[in-house]
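Engineer: Here's the letter readout for the chains.
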Amino acid sequence: MSRLSDILEFAIGDAQADRVVPPTGFTATLTWFAAAAMAFLAVFALALSLAAGRLADRWGSELALSSTIRISAPAGQLEEQTEAVLNILGTTRGVASSRAMTDEEQQALLEPWFGPDLPVGSLPIPRLIDVVETPEGFDAAGLRLRLAAEAPGAVLDDHTRWRRPLVQAADRLRGLGWLSMLLICAATAAMITLAANAALSANSQVIRVLRLVGARDSYIAQAFERRFTIRAVLGGALGAVLGMLAMWLMPSAQPTGGFLTGLGFQGWHWIIPLFIPLIAGLVAFVATRLAARRTLKDMA
Amino acid sequence: MKPERSVKGHPVIELDNVAYNYGGGELLSEVSLKLQPGSFHFLTGPSGSGKTTLLKLCYGALFPTAGQVRLFDQDVMGLDRDGIADMRRRVGVVHQDCQFLDHLSVNDNIALPLMVAGYDLLAEAANLKELTSWVGLQHRAKALPPELSGGERQRAALARAVIMSPDVVLADEPTGNIDWEMSQRLMTLLLELNRMGKTIMIATHDLALIRSVKTQVQARVLRISNRRLQLAGADL
Chain L
13 MSRLSDILEF
23 AIGDAQADRV
33 VPPTGFTATL
43 TWFAAAAMAF
53 LAVFALALSL
63 AAGRLADRWG
73 SELALSSTIR
83 ISAPAGQLEE
93 QTEAVLNILG
103 TTRGVASSRA
113 MTDEEQQALL
123 EPWFGPDLPV
133 GSLPIPRLID
143 VVETPEGFDA
153 AGLRLRLAAE
163 APGAVLDDHT
173 RWRRPLVQAA
183 DRLRGLGWLS
193 MLLICAATAA
203 MITLAANAAL
213 SANSQVIRVL
223 RLVGARDSYI
233 AQAFERRFTI
243 RAVLGGALGA
253 VLGMLAMWLM
263 PSAQPTGGFL
273 TGLGFQGWHW
283 IIPLFIPLIA
293 GLVAFVATRL
303 AARRTLKDMA
Chain R
2 MKPERSVKGH
12 PVIELDNVAY
22 NYGGGELLSE
32 VSLKLQPGSF
42 HFLTGPSGSG
52 KTTLLKLCYG
62 ALFPTAGQVR
72 LFDQDVMGLD
82 RDGIADMRRR
92 VGVVHQDCQF
102 LDHLSVNDNI
112 ALPLMVAGYD
122 LLAEAANLKE
132 LTSWVGLQHR
142 AKALPPELSG
152 GERQRAALAR
162 AVIMSPDVVL
172 ADEPTGNIDW
182 EMSQRLMTLL
192 LELNRMGKTI
202 MIATHDLALI
212 RSVKTQVQAR
222 VLRISNRRLQ
232 LAGADL
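Which chain is which? The protein sequence lines are L and R, in order. Quick note on numbering: the first sequence equals residues 13 to 312 in the working numbering. Quick note on numbering: the second sequence equals residues 2 to 237 in the working numbering.
Just chain L, same shape as in the assembly:
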């Protein structure tokens, strides 16, 4: 409770204390701009990280338990081999379910590349069988041997070959997103530290006078901390709102658009960027406090 009252007291401020430091200077503009620009970039880094996370989760969980069997056979044998494959799958341990995809489903899969109204029936397109595994999974090598014996046109694709590097890439992309967030925080802190140092140097005479009349370091530091924190929160809010607006204006997620159109916020994730101004304020507060304490100690 006292911590909350401290925060409220800091936010409301001391109108008397606020006046002791001259209000203007290029540091005000620098802090505003740095916080706004960094918040704007942070929204994109956050969106990238969240989208990569969604992708990694989907590839990691949904596709992990699914496989596909592709049957390429002459038109006369296709139905027969499909039946044989389904029979094999029905007796294979580790297979939860299996079904042959319909012509409409196969057409939908090809539509992004060939467009609508593709005459699937008139083309020698292989039949696809969707296999769902049990959590224990099946013996892929054994299944391949059985398929080779009873349905020579069937090829098992357990997605492992392409799924693993994709999941790895998505995981790394997510990590890079968070790393970007940390770097943005560090860069913001560095810029605000520079601005705070410049402000403290520019106001060295003010600090001397305040000390002369008995001001404690905490009083002097707070006059700067509050000013920089408020600027960073307001700049951060502006940057975050602009970033969210830019994300909102991006095309919505389409299956045909792949990863890029999914780069945005979904559902409750829209709440997360609203915390960016608060984080900017916290970073500014800590950076200014450290800069002020160090400078005031050096000025002793």
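No wet-lab data here; the hints were simulated from the structure. Just so it is clear, CB atoms sit at the ideal spot from N, CA and C, and this is done for glycine as well. You can take every hint at face value.
Listed next, with one range per pair, are the computed distances between beta-carbon atoms: (1) L/M311 <-> R/Q139: 33 to 39 Å; (2) L/G37 <-> R/S226: 41 to 47 Å; (3) R/L232 <-> L/M311: 31 to 37 Å; (4) L/P34 <-> R/A127: 26 to 32 Å; (5) L/P34 <-> R/P47: 35 to 41 Å; (6) R/E193 <-> L/P34: 32 to 38 Å; (7) L/V298 <-> R/L232: 50 to 56 Å; (8) R/Q219 <-> L/M311: 37 to 43 Å; (9) R/P47 <-> L/A210: 36 to 42 Å.
Since the structure of chain L is provided, determine the placement of chain R on it from the hints.
Structural biologist: Relative to chain L, chain R alone:
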């Protein structure tokens, strides 16, 4: 560590065998001094002799390189930064260049010690008005410091120095930039403070000023000569 109130009768400021080195050389050496409550002192000596340094040692703006400085019975070396800040609220300081915040009005500059100590200025408005009138600046309360004359600035600085009702007032060449008439007016205010029980120490090289004040108050005149502090002779 917080400063404690001085014990009545004990020196408010005491320097014991103090030395201060500056730029590789010794500026002050073997300086011993006791300022008793309610006493009046002049500190004189040629330019560069160390008057300002000695005053700064007296309010904790500088620390001795040897010896001991005690403010209100507290060793300044034993005080932390907050302790020094709190101690300064009990010592009013008037500088030759006044040291104002030029973006604040005269009124706000005078009230600055109250602000930093967390006083409510609205509650102190009557005291502030009375003090501004005492130094004859009631008509200049809203002005900015650069708009004041030299004498007005010194009186405003004196008002700021005494607004916290300090035990001691230290003035560094307070009449350096003002004419004789204004110097006399400022001295009258300082004498009035002394009659109220405040300890006063004024650093000045203006011997005529010292002579004029000595006719009105029992003042000790100290002189810095060859890095050492001496009691001035009968010529003063």
